[in-house]
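Heads up: the protein sequence lines correspond to chains W and H, in order. Under our numbering, think of the first position of the first sequence as 2, with each following residue one higher. Under our numbering, think of the first position of the second sequence as 37, with each following residue one higher.
Think of the hints as simulated: they come from the structure by calculation, not from any bench. Think of the CB as a built atom: it goes at the ideal place given N, C-alpha and C, for glycine as much as any other residue. Among the hints, erroneous ones may be present.
If you anchor each label on the Cβ, the simulated ranges turn out as follows [unchecked claim]: (1) H/103 x W/203: 39 to 47 angstroms; (2) H/103 x W/102: 50 to 58 angstroms; (3) H/103 x W/222: 17 to 25 angstroms; (4) W/145 x H/103: 26 to 34 angstroms; (5) H/229 x W/101: 24 to 32 angstroms; (6) W/42 x H/71: 25 to 33 angstroms; (7) H/295 x W/218: 56 to 64 angstroms; (8) H/79 x W/49: 29 to 37 angstroms; (9) H/341 x W/104: 51 to 59 angstroms.
Far from chain W, by Cβ distances over 12 angstroms, these chain H residues were calculated [claimed, not checked]: (10) 48; (11) 81; (12) 100; (13) 202; (14) 243; (15) 293; (16) 304.
Here's a subset of chain W near chain H, in silico, CB distances under 7 angstroms, partners left out [what the hints assert, rightly or not]: (17) 12; (18) 15; (19) 21; (20) 93; (21) 94; (22) 116; (23) 118; (24) 121; (25) 122; (26) 132; (27) 147; (28) 148; (29) 185.
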Amino acid sequence: MSSAPQQLSVASVTGIEVALPVAGPGARSLAFIIDWHIRLVLALAWYVVAQLVASGGRSLLAPAGYGQAWFGVVLPALAIYFLYHPIVEVALRGHTPGKRSAGIRVVTRSGAAPGAGPLLVRNVFRLIDCLPVAYGVGLTLMLLTRESLRCGDMAAGTLLVYQRGTDDAELLRNAAQRVGKLDTVGAEIAADLLQRWPALVPEARIRLARQLLQHYLGAEADISEGDELEWRSRVERLARPE
Amino acid sequence: MSVVQAARERALAAALLARADEWQAAERRARSFDHGRSDDAAEAARLADDYRLLAHDLARARVLMPASRTRVYLEHAYGHTHATLHHGAWHLGSTLQRLLGVELPAAVRWLAPYLAWTTLIFVLSAMAGYALVHRYPELIALFASPDTIASVERGELWTQGILNVVPSSILSVQLFTNNIVVSLSAYCLGFLFGLGTLYILGLNGLMLGAIFALVERHGLATALFRFIVAHGCVELSVLCLSGAAGAAIGEALIRPGAAGRLESFRAAALRTGPVLLACALLLVGSGLIEGFVSPDPRFPLTVRIVIGVGYWCLMVAFLSGRLWPAARRGA
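Model the full assembly from the supplied sequences, consistent with the hints where possible.
If you want it as structure tokens, here you go:
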């Protein structure tokens with residue numbers, strides 16, 4: 002079995018197809034768990050603040066019986082909890098904070114961000130996906146389908162794909178300086194290591210530098226003991242433009 | 037691989053990587069159009085150039101450096117630019133207006149035959165419920181709670197004095213939330229090849245007919261009609277409408293045609309999606325009427341009929357797109 006992620010391929014007028022890596026159940030579950038915590042915290046925060054205001058700071062217990070306090074305290078908290086996904090997804094065009102954190106986004110089969118209609122449909126079908134408990138139907142379908150689709154995605158024609166960060170441009174510029182001696186991947190790794198050097202703990206700096214040198218220079222690598230500056234200069238020598 | 041070829045490929049890779057600034061600029065431009073922050077024609081032409089540049093560089097990166105972050109970065113930038121060029125900018129307001137003003141009337145027109153069938157099923161179920169309880173009164177226990185039956189047998193509707201227990205605002209919210217869940221379930225359960233939709237329509241029809249038979253036996257039919265007429269016209273119509281959408285889903289799964297079952301299901305779900313939003317909005321309105329008008333004895337029957345029929349006409353105008361003249365012109 003291949004470990005390569007499933008890809009959504011979209012034909013293009015340039016002849017070069019767009020390839021989007023499909024997110025699996027793991028990334029999707031992570032996004033859901035993050036979103037679940039966010040909506041739970043928001044709903045609880047609303048409840049606590051509104052209840053403290055309504056009771057004059059005396060009680061956090063839910064209002065007894067149905068009254069205007071229930072209307073202002075419990076109902077908005079429930080609305081935040083249950084309407085979080087449809088509202089946030091429509092407003093942010095398929096993004097939610099959880100999906101952003103997990104590095105995934107919702108797209109249509111043409112690779113574009115979905116419109117309001119498909120987003121509403123995929124959220125309505127959560128009613129089916131969450132049956133019988135804990136998204137049982139949705140998770141089972143995700144595990145059984147090639148593109149990890151739940152019922153809502155099948156209905157709306159959407160799927161989740163990985164979204165890469167766009168902050169790699171600086172790294173690529175640095176890597177361009179280093180391709181002379183190394184292959185492209187090696188140049189990227191060397192540029193990345195030098196860029197992240199100040200943020201790494203000393204043991205990690207030395208360990209990563211040793212691995213890089215051994216991988217690209219093999220037996221010729223100078224891996225004698227040395228301080229951090231020595232290791233850094235070895236990496237810089239390896240990655241110096243020709 | 038010969039040393040010369042390796043050196044050549046490294047030089048090509050270096051030349052490719054040196055264009056990182058241009059890729060980043062292309063991404064920025066795509067994002068600007070994507071978010072609707074730019075409508076400059078010259079910039080749009082540059083975006084088309086970016087698209088070609090990225091396609092060219094991605095093709096080279098796929099060959100020269102398939103396992104690199106450069107390729108991953110280019111895949112993302114190219115995908116983003118492709119989506120931006122081929123799809124319009126995102127404006128929430130105009131998207132919703134198109135959804136409700138153009139897509140909704142089209143979906144309702146498409147659903148017309150299904151709507152006729154689901155209405156017929158609902159009416160027949162109501163008649164069956166009425167006939168059953170009329171002929172065998174003890175069967176009412178299958179359709180109504182003991183409290184409801186006891187209340188009617190005392191000569192009172194269960195709705196009398198409800199505002200003494202629950203304020204109108206809370207009652208409205210409870211009612212429209214419940215109705216929206218029923219309506220969405222009628223739609224989603226179409227996923228079970230239409231059987232779930234049929235069950236919800238049939239059960240609600242049976243219950244309505246059975247309750248009417250019960251109240252009629254105790255001389256309360258007029259009182260129940262007074263209670264229902266203001267909100268019921270729209271509420272029952274919406275139930276039939278969401279049932280029609282569910283039936284369309286069911287038929288797409290039962291008779292998928294040449295496109296295949298999944299594709300047919302997807303097409304039906306997407307086509308009927310706007311109807312659900314409309315159903316939810318309409319049910320909020322009927323919930324408010326049911327909470328504020330229906331249980332309040334100060335409203336005479338004529339006012340209730342005017343409200344019921346008026347809201348139903350508003351619903352028809354809304355579903356046929358007549359409330360959105362700008363969208364119709366745009367279409």
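Against the structure, the hints come out as follows:
1. A C-beta distance of roughly 29 angstroms is found between residue 103 of chain H and residue 203 of chain W, which places it outside the suggested range of 39 to 47 angstroms.
2. A C-beta distance of roughly 26 angstroms is found between residue 103 of chain H and residue 102 of chain W, which places it outside the suggested range of 50 to 58 angstroms.
3. Range check, residue 103 of chain H to residue 222 of chain W: Cβ separation about 22 angstroms, and the 17 to 25 angstroms hint holds.
4. For the pair residue 145 of chain W and residue 103 of chain H, the beta carbons lie near 30 angstroms from each other, so the given range of 26 to 34 angstroms is met.
5. At about 37 angstroms, the beta-carbon gap between residue 229 of chain H and residue 101 of chain W misses the expected band of 24 to 32 angstroms.
6. At roughly 28 angstroms, the beta-carbon separation of residue 42 of chain W and residue 71 of chain H lies within the given 25 to 33 angstroms, and the hint holds.
7. Roughly 58 angstroms separates the CB atoms of residue 295 of chain H and residue 218 of chain W, a value that falls within the hinted 56 to 64 angstroms.
8. Range check, residue 79 of chain H to residue 49 of chain W: Cβ separation about 48 angstroms, and the 29 to 37 angstroms hint is violated.
9. Between residue 341 of chain H and residue 104 of chain W, the C-beta spacing of about 57 angstroms keeps the proposed range 51 to 59 angstroms intact.
10. Residue 48 of chain H, annotated as away from the interface, has a beta carbon of chain W within 12 angstroms; the closest lies near 9 angstroms.
11. No beta-carbon of chain W comes within 12 angstroms of the beta-carbon of residue 81 of chain H; the shortest separation is about 15 angstroms.
12. With 12 angstroms as the threshold on Cβ separation, the claim that residue 100 of chain H sits away from chain W is violated: the shortest Cβ distance comes to roughly 7 angstroms.
13. The non-interface label for residue 202 of chain H is inconsistent with chain W: the shortest C-beta to C-beta separation is roughly 5 angstroms, within 12 angstroms.
14. No beta-carbon of chain W is positioned within 12 angstroms of the beta-carbon of residue 243 of chain H; the least distance is around 21 angstroms.
15. Annotated as non-interface, residue 293 of chain H keeps its C-beta farther than 12 angstroms from every C-beta of chain W; the closest such distance is 17 angstroms.
16. With a minimum CB-CB distance of about 9 angstroms to chain W, residue 304 of chain H fails to clear the 12 angstroms threshold, and the non-interface call is violated.
17. A least Cβ separation of about 10 angstroms between residue 12 of chain W and chain H goes past the 7 angstroms threshold, and the interface hint is therefore violated.
18. The interface hint given for residue 15 of chain W holds, since its Cβ lies 4 angstroms from the closest Cβ of chain H, which is under the 7 angstroms cut-off.
19. About 6 angstroms separates the beta-carbon of residue 21 of chain W from the nearest beta-carbon of chain H, less than 7 angstroms, and the hint is met.
20. Checking residue 93 of chain W against chain H by beta carbon gives a least distance of about 10 angstroms; that is not within 7 angstroms, so the hint is violated.
21. Taking 7 angstroms as the C-beta contact cut-off toward chain H, the hint placing residue 94 of chain W at the interface holds, the least distance being around 5 angstroms.
22. The interface hint given for residue 116 of chain W is met, as the beta carbon of that residue sits about 6 angstroms from the closest beta carbon of chain H, less than 7 angstroms.
23. A least Cβ separation of about 4 angstroms between residue 118 of chain W and chain H falls short of the 7 angstroms threshold, and the interface hint therefore holds.
24. Interface hint status for residue 121 of chain W: upheld, as the beta-carbon distance to the closest one in chain H is roughly 6 angstroms, under 7 angstroms.
25. Given hint, residue 122 of chain W at the interface with chain H, holds; its Cβ is 4 angstroms from that chain's nearest Cβ, closer than 7 angstroms.
26. Hint on residue 132 of chain W is violated. Least Cβ distance to chain H is approximately 10 angstroms, over the 7 angstroms limit.
27. About 11 angstroms separates the beta-carbon of residue 147 of chain W from the nearest beta-carbon of chain H, more than 7 angstroms, and the hint is not met.
28. About 11 angstroms separates the beta-carbon of residue 148 of chain W from the nearest beta-carbon of chain H, more than 7 angstroms, and the hint is not met.
29. At its closest, the beta carbon of residue 185 of chain W sits 4 angstroms from a beta carbon of chain H; the interface hint therefore holds under the 7 angstroms criterion.
Of the hints listed earlier, those the structure fails to meet are numbers 1, 2, 5, 8, 10, 12, 13, 16, 17, 20, 26, 27, 28, in rising order.
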